[in-house]
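Chemist: These are the residues of each chain, in order.
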Amino acid sequence: MDYSALKTHLAGLSMPNPTMLASGILGISAGTLRAVAEAGAGAVVTKSVGLKPNAGYPNPTVIQVECGFLNAVGLPNPGIHKFIEEMGELRDLNVPLIVSVFGFSPEEYAEVASLAAEAGASAIELNLSCPHVKGTGIEIGQNPEMVKLTVRAVKDRVDRPVFAKLTPNVARIVDLAEAAYSAGADAITAINTVRAMAIDVETFRPILANRFGGLSGAAIKPIAVRCVYEIYESVDLPIIGCGGIRDWRDAVEFMLAGASAVQIGSAIALEGLSIFKSICDGIISYLRRKGFRSVSEIVGLAHKK
Amino acid sequence: MDYSALKTHLAGLSMPNPTMLASGILGISAGTLRAVAEAGAGAVVTKSVGLKPNAGYPNPTVIQVECGFLNAVGLPNPGIHKFIEEMGELRDLNVPLIVSVFGFSPEEYAEVASLAAEAGASAIELNLSCPHVKGTGIEIGQNPEMVKLTVRAVKDRVDRPVFAKLTPNVARIVDLAEAAYSAGADAITAINTVRAMAIDVETFRPILANRFGGLSGAAIKPIAVRCVYEIYESVDLPIIGCGGIRDWRDAVEFMLAGASAVQIGSAIALEGLSIFKSICDGIISYLRRKGFRSVSEIVGLAHKK
Amino acid sequence: MSGWHIKNNVMRTVEILDVKPENPHVKTIFFRDEMCASAEPGQFIMVWIPGVDEIPLSISSIYPDGSSSVTVAEVGEATRALTRMRAGDIIGVRGPFGLGFKVSGERALVVGGGTGMAPLMMLINRLVEGGVDVTVIEGAENSNKLIFLDRLNNLSESMGVEVLFTTEDGSYGFRGLATDLAERVLCNKRFDVIYTCGPERMIRKAYEMAKAYSVDFQASLERYMRCAIGICGSCTIGKYRVCRDGPVFDMERIGEIEEYLGVLKYNESGERIPV
Amino acid sequence: MSGWHIKNNVMRTVEILDVKPENPHVKTIFFRDEMCASAEPGQFIMVWIPGVDEIPLSISSIYPDGSSSVTVAEVGEATRALTRMRAGDIIGVRGPFGLGFKVSGERALVVGGGTGMAPLMMLINRLVEGGVDVTVIEGAENSNKLIFLDRLNNLSESMGVEVLFTTEDGSYGFRGLATDLAERVLCNKRFDVIYTCGPERMIRKAYEMAKAYSVDFQASLERYMRCAIGICGSCTIGKYRVCRDGPVFDMERIGEIEEYLGVLKYNESGERIPV
Ligand SMILES: Cc1cc2nc3c(=O)[nH]c(=O)nc-3n(C[C@H](O)[C@H](O)[C@H](O)COP(=O)(O)OP(=O)(O)OC[C@H]3O[C@@H](n4cnc5c(N)ncnc54)[C@H](O)[C@@H]3O)c2cc1C
Ligand SMILES: Cc1cc2nc3c(=O)[nH]c(=O)nc-3n(C[C@H](O)[C@H](O)[C@H](O)COP(=O)(O)OP(=O)(O)OC[C@H]3O[C@@H](n4cnc5c(N)ncnc54)[C@H](O)[C@@H]3O)c2cc1C
Ligand SMILES: Cc1cc2nc3c(=O)[nH]c(=O)nc-3n(C[C@H](O)[C@H](O)[C@H](O)COP(=O)(O)O)c2cc1C
Ligand SMILES: Cc1cc2nc3c(=O)[nH]c(=O)nc-3n(C[C@H](O)[C@H](O)[C@H](O)COP(=O)(O)O)c2cc1C
Ligand code: FES
Ligand code: FES
Chain A
1 MDYSALKTHL AGLSMPNPTM LASGILGISA GTLRAVAEAG AGAVVTKSVG LKPNAGYPNP
61 TVIQVECGFL NAVGLPNPGI HKFIEEMGEL RDLNVPLIVS VFGFSPEEYA EVASLAAEAG
121 ASAIELNLSC PHVKGTGIEI GQNPEMVKLT VRAVKDRVDR PVFAKLTPNV ARIVDLAEAA
181 YSAGADAITA INTVRAMAID VETFRPILAN RFGGLSGAAI KPIAVRCVYE IYESVDLPII
241 GCGGIRDWRD AVEFMLAGAS AVQIGSAIAL EGLSIFKSIC DGIISYLRRK GFRSVSEIVG
301 LAHKK
Chain B
306 MDYSALKTHL AGLSMPNPTM LASGILGISA GTLRAVAEAG AGAVVTKSVG LKPNAGYPNP
366 TVIQVECGFL NAVGLPNPGI HKFIEEMGEL RDLNVPLIVS VFGFSPEEYA EVASLAAEAG
426 ASAIELNLSC PHVKGTGIEI GQNPEMVKLT VRAVKDRVDR PVFAKLTPNV ARIVDLAEAA
486 YSAGADAITA INTVRAMAID VETFRPILAN RFGGLSGAAI KPIAVRCVYE IYESVDLPII
546 GCGGIRDWRD AVEFMLAGAS AVQIGSAIAL EGLSIFKSIC DGIISYLRRK GFRSVSEIVG
606 LAHKK
Chain C
611 MSGWHIKNNV MRTVEILDVK PENPHVKTIF FRDEMCASAE PGQFIMVWIP GVDEIPLSIS
671 SIYPDGSSSV TVAEVGEATR ALTRMRAGDI IGVRGPFGLG FKVSGERALV VGGGTGMAPL
731 MMLINRLVEG GVDVTVIEGA ENSNKLIFLD RLNNLSESMG VEVLFTTEDG SYGFRGLATD
791 LAERVLCNKR FDVIYTCGPE RMIRKAYEMA KAYSVDFQAS LERYMRCAIG ICGSCTIGKY
851 RVCRDGPVFD MERIGEIEEY LGVLKYNESG ERIPV
Chain D
886 MSGWHIKNNV MRTVEILDVK PENPHVKTIF FRDEMCASAE PGQFIMVWIP GVDEIPLSIS
946 SIYPDGSSSV TVAEVGEATR ALTRMRAGDI IGVRGPFGLG FKVSGERALV VGGGTGMAPL
1006 MMLINRLVEG GVDVTVIEGA ENSNKLIFLD RLNNLSESMG VEVLFTTEDG SYGFRGLATD
1066 LAERVLCNKR FDVIYTCGPE RMIRKAYEMA KAYSVDFQAS LERYMRCAIG ICGSCTIGKY
1126 RVCRDGPVFD MERIGEIEEY LGVLKYNESG ERIPV
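Chains as they are written, first to last, in the working numbering: chain A, 1 to 305; chain B, 306 to 610; chain C, 611 to 885; chain D, 886 to 1160.
Think of the hints as simulated: they come from the structure by calculation, not from any bench.
Cβ coordinates follow ideal geometry from the N, Cα and C atoms, glycine included.
Just so you know, not all the hints are guaranteed correct.
Here are the computed distance ranges between Cβ atoms for each label pair [what the hints assert, rightly or not]:
1) D:Glu1014 <-> A:Gly291: 55 to 65 Å
2) B:Asp307 <-> D:Ser1041: 53 to 63 Å
3) A:Gly291 <-> D:Glu900: 54 to 64 Å
4) C:Met861 <-> B:Gly393: 54 to 64 Å
5) D:Asn1029 <-> A:Asp281: 49 to 59 Å
6) A:Asp92 <-> C:Gly661: 48 to 58 Å
Just a sample of chain A residues kept apart from chain B, beta carbon distances all over 10 Å, derived [what the hints assert, rightly or not]:
7) Met1
8) Leu93
9) Gly120
10) Leu237
Could you build the full structure based on these sequences and the hints that come with them?
Modeler: This is the structure:
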């Protein structure tokens, strides 16, 4: 099959197709990042990395609910210094390597981001949206002013494209998008998980060890599509859509809403790594059937209706 | 079966069981409100009623998504004056009749609420949470200050219990709950739908005529449980849980999180009106098996773990 | 209509295969959709006319090749837009919804008014297949408003179905109302059941006749619809939801909503208005 | 492990039916769960110990009455809490997950170390049922750490399975490592396949032997696990996820991750640490 219609240019990155691995999904080791790239992802995003090593929360950290997944992993990561060694094994990766970073202050975000950029990250994604880790979620990601300060601090230190990954756990996600835009973000990733929980009726207990977690998967797709659509109307930045994408139809739905690329996370549990290729194949057939020459032509089309 | 263990006292109301019909589901005509009560609901809430008649949005107004329903009905209602005639046929209803009201200002809420109370409403539920109607959703329901003013205006005019129905489309729903509490609300209903949308890939169009709508059903259950759990920890008011409840397990999950009663909406599409009875039967068996004598004993139990 | 059925009944978009005029104001629209092709006579679907509206329409026929049709009269914006669509255009469908006609008895009288014939046409085919002795009365204002003339005349010739037309102005068939003709037919022949669909006053009259002649009765009713899955409450008649407990109601259920039949309905705002 | 299977694999709570001590530190815990009872040998489940932790454990047996068991060694907080639970206590289970052992060949050598015997016990039963000629070597530090003595000795007597025990201190059976004994056995008899589970260095040695003797090889590996459904990345070994691409790896796949086997793993933070 000829995949050239899928070529995607996004905030200065060139990707063979618009599918990306979402952060926190497999992306903690060089081995699986490479496996995902080989399976056909157009770019890979690493697990969110902070300044210091962190073991995350005790289990249960990832559970299933009727229509998706709940997770409160607690941002486990080896710290940027060790993670740089891991990145060393990915120098020859054939798609962009986007490093997701988090911190507990704008300066910490900038510190981690600049180390990642020096170590060869193609771009930086700022995780401004973890719904269950104290000090980086609510305190930074839900506050437009802090989003602005953080994006600016990172942009000041890093010469690579910077994506701001936003949380839907706010009254108006466009306020966050506008803050990121005004501070110079190169793209918006939307969305991270929705704050949620599950309780077991036999033991009367919240199931996640952390009690609260983030909802992902099919359940949040209509929320994520809405966020992308709203952001597309409010800021002039490329958008990377994320949330519940499981097949090419979902991917196209996000692109019609305004996403230039899409990230895939939870669905890997259901479809395996072949999902990247099957989504690409599906988009190609769709583009042909509808008479489009490039996937970029469908971005934002739902706004013209 | 002996249902006496299900008796529920909530903000001064006596209900034979803790299940209630959610607002906007069937509750626009006397005939169906009565049918729901006869099917076993412990209380019924009417469709949200405003001051003037309103035809709502054009179709499509209610659609299905993979894990739930999207609606943007646009608050159609005959206006409180006509609705009072409808209520006249329900004088002999054997369960509490709760009238849901909305307005475009605190005074309008109070006006509608006081007319409803005079006409015999057992309680008033304030719809502070419609995610898709301009002027009453974002402008009032997402703003703690306006929530406070609205609840206070209504409490000043009405001597019946007042429930504040809150939206999850905010960064911190507890801020809204605290505002309602401080203004004298008698109970909190949580949650209304989550702002969302769906786009058809064949026609490139948002499917709902209003483009944006509210997500309900299984998709939002973990979000709703989380909201109830958070509110239970923050304010000392009875909570009515709502969002994606489909069986007794879901109902119990909400009660363990802190709900004293539960509302059922979308699931009626799947289970029919017999859902009220089957949930009650399920709760009764559960209470027996676990050795509880009254359903009130399980309220908030997940907080002790 | 099980929970499973509803849960898996999200909207599908389909291509219009063909559009066939039935008369100057009514068109039959053909499309292919697996779930629709499994409809029972009397069930309806919600048809999305992108950018315009979504409206309830009865399935008027199902073909062995898996295609189905709706037959729609131009009465307002949505029906106008739909009747102007062409082969290749895209519409959305969800359904089939509701309870259809139950085939019972050996002699059936079918009374239809205008596009009320749409669900009845599929029923007539089913009755004939089942060997039921069928008499059809179709009524309309004038000859221009009759539909399915060919199909019914064919059935009359090939299957011996008795088909009677009546128009208010006498421009085709008998002169007068369908119910007037029905009364005459009922005097002369014993029927087990009357099936009807059309203007609600016609249905009301037919219901009174069925009671008078002690004949079983099933009627398909219309009310304003939004969700079609029994939650929005737009379509209520008495204690019933037309989308879920109907659209076809039998004698017993009609008895329970007698006071509303042909008398009262709710408009889009939920105001009570006369039918 | 299909998408459907994962999608419908939410956690269930089950009552512990019985707890049977295998030795002073190892207990077998019985419960009833339909999905677990459909596990293949080598598949594992995630066991939630409410308020404590959730940990991966292999299914150690499935009984005709629909009950299953896990066999767990007390090594830390979670396993301590679990081994102290009693009949009537509630645990959560999700799974079974991963790829199990593939039954192939006519003569199988099973080499287990410590609780590595858990998944192997179920495999042995399956092999015996399938008429495979089975030789079992179980090794442990000392006689107190051996498990399934009764079940294995029974199999030896009733089914003619050759069962060999070895302890490092010689307190039961042979003295020495399981792999030392395996080497001797391999010299004297031709096998089609070696199945193994236990300490990773033992697996590594067994793998080298399998290569040396040109015998097929399947090993069940362990890595830190969170999701068990292939998304969190905690359990990676090279390009594979142990929860999804394993826990049982065959000769070819082990070849692809040779550089890590018995050498390197990731800890909870994702730091590389020696095995
Ligand atoms: C169960 C059912 C089956 C039907 N089957 C057929 C059929 O097979 N063929 C056919 O031509 N018509 C059928 N109708 C009627 C058809 O739905 C209306 O004619 C159509 O909705 C009119 O839309 P409009 O925009 O063209 O007209 P408008 O100008 O909007 O309205 C004209 C009339 O149609 C009614 N109407 C409008 N929207 C709706 C709605 N969403 N639900 C119900 N009524 C509505 C109005 O109340 C008014 O009485 C059926 C209706 C129902 C309830
Ligand atoms: C696929 C698989 C199957 C297993 N089957 C069995 C079995 O049948 N019987 C048995 O006794 N043990 C089995 N284990 C090992 C068992 O999971 C650990 O012994 C247990 O998790 C230890 O938990 P703890 O809190 O008691 O010990 P800790 O003190 O927390 O840790 C002790 C050791 O167990 C490891 N461990 C802790 N948590 C996990 C985890 N979530 N995932 C993987 N390793 C962990 C630690 O890394 C450490 O090496 C299996 C492991 C895997 C991966
Ligand atoms: C187990 C798990 C771990 C995650 N970890 C991160 C993370 O470290 N950083 C981040 O930005 N997002 C993280 N996410 C969120 C995803 O990147 C994604 O935004 C979200 O899951 C919605 O997409 P999905 O529905 O396709 O999974 C995680 C999600 C899951 C399920
Ligand atoms: C078709 C529809 C109409 C609704 N109308 C209203 C309304 O008028 N007022 C209101 O407060 N909530 C309204 N809601 C929200 C429900 O009362 C409820 O909060 C929400 O649907 C979540 O519950 P569920 O998942 O059980 O449906 C409506 C929901 C639906 C699906
Ligand atoms: S159309 Fe919504 S209840 Fe019938
Ligand atoms: S345990 Fe999460 S990927 Fe294997």
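Chemist: Would you mind marking each hint as holding or not holding in the structure?
Modeler: Evaluated hints:
1. A beta carbon spacing of about 59 Å between Glu1014 (chain D) and Gly291 (chain A) agrees with the range 55 to 65 Å that was offered as a hint.
2. Taking the beta carbon of each, Asp307 (chain B) and Ser1041 (chain D) are about 58 Å apart, inside 53 to 63 Å as hinted.
3. One distance hint, 54 to 64 Å for the beta-carbon pair Gly291 (chain A) and Glu900 (chain D), holds here, with the actual separation near 60 Å.
4. The hint said 54 to 64 Å for the Cβ distance between Met861 (chain C) and Gly393 (chain B), and at roughly 30 Å that hint is violated.
5. Against the hinted window of 49 to 59 Å, the Cβ-Cβ separation of Asn1029 (chain D) and Asp281 (chain A) comes to about 57 Å, which satisfies the hint.
6. With their beta carbons about 50 Å apart, Asp92 (chain A) and Gly661 (chain C) fall inside the hinted range of 48 to 58 Å.
7. Here Met1 (chain A) stays apart from chain B, with its beta-carbon at least about 20 Å from theirs, past the 10 Å limit.
8. With a closest Cβ-Cβ approach of about 31 Å to chain B, Leu93 (chain A) is found to remain outside the 10 Å limit, as its non-interface label requires.
9. With a least CB separation of 35 Å from chain B, Gly120 (chain A) remains clear of the 10 Å interface cut-off, as annotated.
10. The claim that Leu237 (chain A) is not at the interface with chain B holds, since no C-beta of that chain comes within 10 Å of its own (minimum 20 Å).
Comparing the model with each numbered hint stated earlier shows that hint 4 is the single one that does not hold.
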